[in-house]
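Asks: Those protein sequences? They're chains R and S, same order as listed.
Counting with my numbering, you get residues 1 to 399 for the letters of the first sequence.
Counting with my numbering, you get residues 400 to 689 for the letters of the second sequence.
Don't take every hint at face value.
The calculated DMTMM-like cross-link candidates involving lysine to aspartate or glutamate, where the alpha carbons are at most 25 Å apart (straight line), are [said to hold, decoys possible]: (1) S:K481 to R:D378; (2) S:K448 to R:D378; (3) S:K448 to R:D388; (4) R:K112 to S:E583; (5) R:K391 to S:E519; (6) S:K526 to R:D388.
For the record, the hints were derived by calculation from the structure and aren't laboratory data.
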Amino acid sequence: MNEPIYFDNNATTKIDEEVIATMLPYLQTYYGNPSSMHTFGGQVGRAVREARGQVASLLGAQESEIIFTSCGTEGDNAAILAALKAQPNKKQIITTKVEHPAVLNLCRKLEKEGYVVTYLGVDSKGQLDLGELEAALTNDTAVVSIMYANNETGVVFPIEEIGQRVKAYGALFHVDAVQAVGKIPFNLETSSIDFLTLSGHKIHAPKGIGALYVRKGVRFRPHLIGGHQERGRRGGTENVPAIVALGKAAELARKHLPSVAEEQRLRDKLEQGILATIPDAAVNGDPINRLPNTSNIGFKYIEGEAILLSLDQYGICASSGSACTSGSLEPSHVLQALGLPYTVLHGSIRFSLSRFTTEAEIDRALDVLPRIINRLRDLSPFNNDNADWLKEQSLAVSH
Amino acid sequence: MWDYTEKVMEYFHHPRNQGAITEQKEGEKIVTGEVGSIACGDALKLHLKIDEATKTIAEATFQTFGCASAIASSSALTELLKGKTVEEALNVTNHEITEFLGGLPEEKMHCSVMGQEALEAAIYNYKGIPLDNHEESEGNIICSCFGISDTKIKRVIRDNKITTAEQVTNYVKAGGGCSTCLPEIDDILAEIATEEEKSLEVANKIRTQPAVLTNLQKINLIQQVITEQIRPILIEDGGDLELFDVEGDVVKVILKGACDGCASSTETLKNAIENTLQEAILPTLTVEAV
Numbered sequence: 001m002n003e004p005i006y007f008d009n010n011a012t013t014k015i016d017e018e019v020i021a022t023m024l025p026y027l028q029t030y031y032g033n034p035s036s037m038h039t040f041g042g043q044v045g046r047a048v049r050e051a052r053g054q055v056a057s058l059l060g061a062q063e064s065e066i067i068f069t070s071c072g073t074e075g076d077n078a079a080i081l082a083a084l085k086a087q088p089n090k091k092q093i094i095t096t097k098v099e100h101p102a103v104l105n106l107c108r109k110l111e112k113e114g115y116v117v118t119y120l121g122v123d124s125k126g127q128l129d130l131g132e133l134e135a136a137l138t139n140d141t142a143v144v145s146i147m148y149a150n151n152e153t154g155v156v157f158p159i160e161e162i163g164q165r166v167k168a169y170g171a172l173f174h175v176d177a178v179q180a181v182g183k184i185p186f187n188l189e190t191s192s193i194d195f196l197t198l199s200g201h202k203i204h205a206p207k208g209i210g211a212l213y214v215r216k217g218v219r220f221r222p223h224l225i226g227g228h229q230e231r232g233r234r235g236g237t238e239n240v241p242a243i244v245a246l247g248k249a250a251e252l253a254r255k256h257l258p259s260v261a262e263e264q265r266l267r268d269k270l271e272q273g274i275l276a277t278i279p280d281a282a283v284n285g286d287p288i289n290r291l292p293n294t295s296n297i298g299f300k301y302i303e304g305e306a307i308l309l310s311l312d313q314y315g316i317c318a319s320s321g322s323a324c325t326s327g328s329l330e331p332s333h334v335l336q337a338l339g340l341p342y343t344v345l346h347g348s349i350r351f352s353l354s355r356f357t358t359e360a361e362i363d364r365a366l367d368v369l370p371r372i373i374n375r376l377r378d379l380s381p382f383n384n385d386n387a388d389w390l391k392e393q394s395l396a397v398s399h
Numbered sequence: 400m401w402d403y404t405e406k407v408m409e410y411f412h413h414p415r416n417q418g419a420i421t422e423q424k425e426g427e428k429i430v431t432g433e434v435g436s437i438a439c440g441d442a443l444k445l446h447l448k449i450d451e452a453t454k455t456i457a458e459a460t461f462q463t464f465g466c467a468s469a470i471a472s473s474s475a476l477t478e479l480l481k482g483k484t485v486e487e488a489l490n491v492t493n494h495e496i497t498e499f500l501g502g503l504p505e506e507k508m509h510c511s512v513m514g515q516e517a518l519e520a521a522i523y524n525y526k527g528i529p530l531d532n533h534e535e536s537e538g539n540i541i542c543s544c545f546g547i548s549d550t551k552i553k554r555v556i557r558d559n560k561i562t563t564a565e566q567v568t569n570y571v572k573a574g575g576g577c578s579t580c581l582p583e584i585d586d587i588l589a590e591i592a593t594e595e596e597k598s599l600e601v602a603n604k605i606r607t608q609p610a611v612l613t614n615l616q617k618i619n620l621i622q623q624v625i626t627e628q629i630r631p632i633l634i635e636d637g638g639d640l641e642l643f644d645v646e647g648d649v650v651k652v653i654l655k656g657a658c659d660g661c662a663s664s665t666e667t668l669k670n671a672i673e674n675t676l677q678e679a680i681l682p683t684l685t686v687e688a689v
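Given only the sequences and the hints, what does the whole structure look like? Please build it.
Replies: Structure, rendered in structure tokens:
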């Protein structure tokens, strides 16, 4: 088989070779503890500080506002819990129905503990209704947690407009920016965001490292209690090689931000090629306000796992929101929230590109996809909206 | 990624017998069994061409909406059916489908169950039996996410010797949505386990009976097995029966409910009733409907 063609960058990314080269000495040679007072630890401590600066630069933040975490999930959990602890008298949380499980499942747990959670819906393009947000906000709102860009559809929410409304009610504002960082420029200094989460392995750093931005002046109570690391905001000896890697990855992400336009050109070529050659296929989510690297396409009448395994035969890696790929029996909560018809819901595939994606890979995908879709549609008993069986089930539109 | 066997992948990538059956000669009948739905994420249309003279399946094809294991299971089923008589086909189980494929991940067992259900639907169509007579939708809906009734859950538990709610989800999807029905599924599992314990007690009791039964002992035992083992199953399918008389080794029964006038009542008599009585009491017993 040829080299795999990797279109699953919203799941995880290839580690940049420069990142590997930067982190290796901290695995092999500079293994000191950054908290140690000797020189051996001191030089490691300097590397951690440099990494913090690199991450802060990518976000337009100050070094002191960056806390290193183990992953995006930790950042999301730590931010929401800290926001609640900072305002113990407020009991309302506002989030959306399309958040990552790191936010949704925490909110469900908090509901059981007495918090009131409002889950904002999205329209058929996956966009929020800011009127619904306005109506939900009260003086009892402790925190609003809304993702910057959706991991499945790539839909980008109007974060600044949301932030202004949140601030008007005195609530804290957390943004899960795991998918947006590295693809969109940030300047947190002038934003209304109080907490922002990012994850290293989405920006060509290794897995197991992330960062949480906490606006200067916002009360923060640590989620992980331990030593004085991270200025007492997160206990535990620092994962230095990963932190150094994240710093380098952040520096490279900042450098490559202008070239995101090229990723978008390739994404658009893939998308337009698919729509031109494959009937009954449509882009899921907002076609305009979307991450430049993400395309989520629904192929009617067929099921996602079957598409993925067929693509895999050609060495093409993508992702699906279908139930059959996940072990769960429910299709993606994000695609369900868009109210997609069942004919589309189960057969949606996410293609997510990176700066390493090439034109030849796009061409290869465009060559094999029509054959795969045709083959599976030939196998399917539902081949158009007028299929008798489909009509009987009255399931042209879900929910 | 799922751990599929090579044969599953082979039948997914190169399925045998796909499509509908369009050509039909005199003396042949084409029937279809449809199960599943696009809402649930998998659906199967099984097409059978049956030779009317020999009641043999001359051709079996499929159309499947679903994942790799659903497609492979459907294709495997069509291979298993070729050349079988209609009655032989009715005995094909989801286990045979999975064995044919060298196994399926436990979470994907519902794909093989879907094949078995489509087969039954097709054969019931062939026999002209209204699907409502055997459709599990007759029972109370337990899992509203996937529209699964208690009748279907009980059947799959018995057929596959299932002991946990998680397995029920893997085999029929019930409980795999919002999960609120899982406690009810646990109750059904407990109910069936109690039933089976009782059956075992009866069987043990029978085994301790003297080698030669008096007429009274025989009639009492027949009545007991009918009450405790046979009637509950028939009642679940909308049927019932009553012991009319016992003459020597001939057990005369009156079929009631959906069993009365059902086109497959002969099979019910022989398979469900006679075999059970033979195994439980005497191998020489025969059953007749009056």
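Asks: Given the proposed pairing of R:K112 with S:E583, does the C-alpha separation stay at or below 25 Å?
Replies: Judged against 25 Å, a Cα distance of about 22 Å means the pair holds.
Asks: Under the criterion that the straight-line Cα-Cα distance not exceed 25 Å, is the pair S:K481, R:D378 satisfied?
Replies: holds (22 Å)
Asks: Measure nothing beyond the straight line between the CA atoms of R:K391 and S:E519; if it is 25 Å or shorter, mark the hint as holding.
Replies: It holds: about 23 Å lies between the C-alpha atoms, which stays within 25 Å.
Asks: Can you confirm whether the C-alpha distance between S:K526 and R:D388 stays at or below 25 Å?
Replies: holds (23 Å)
Asks: If you draw a straight line from the CA of S:K448 to the CA of R:D388, is it 25 Å or shorter?
Replies: holds (21 Å)
Asks: Hey, S:K448 versus R:D378, does the alpha-carbon distance stay inside 25 Å?
Replies: holds (20 Å)
This entry satisfies every hint, going by the numbered hints stated previously.
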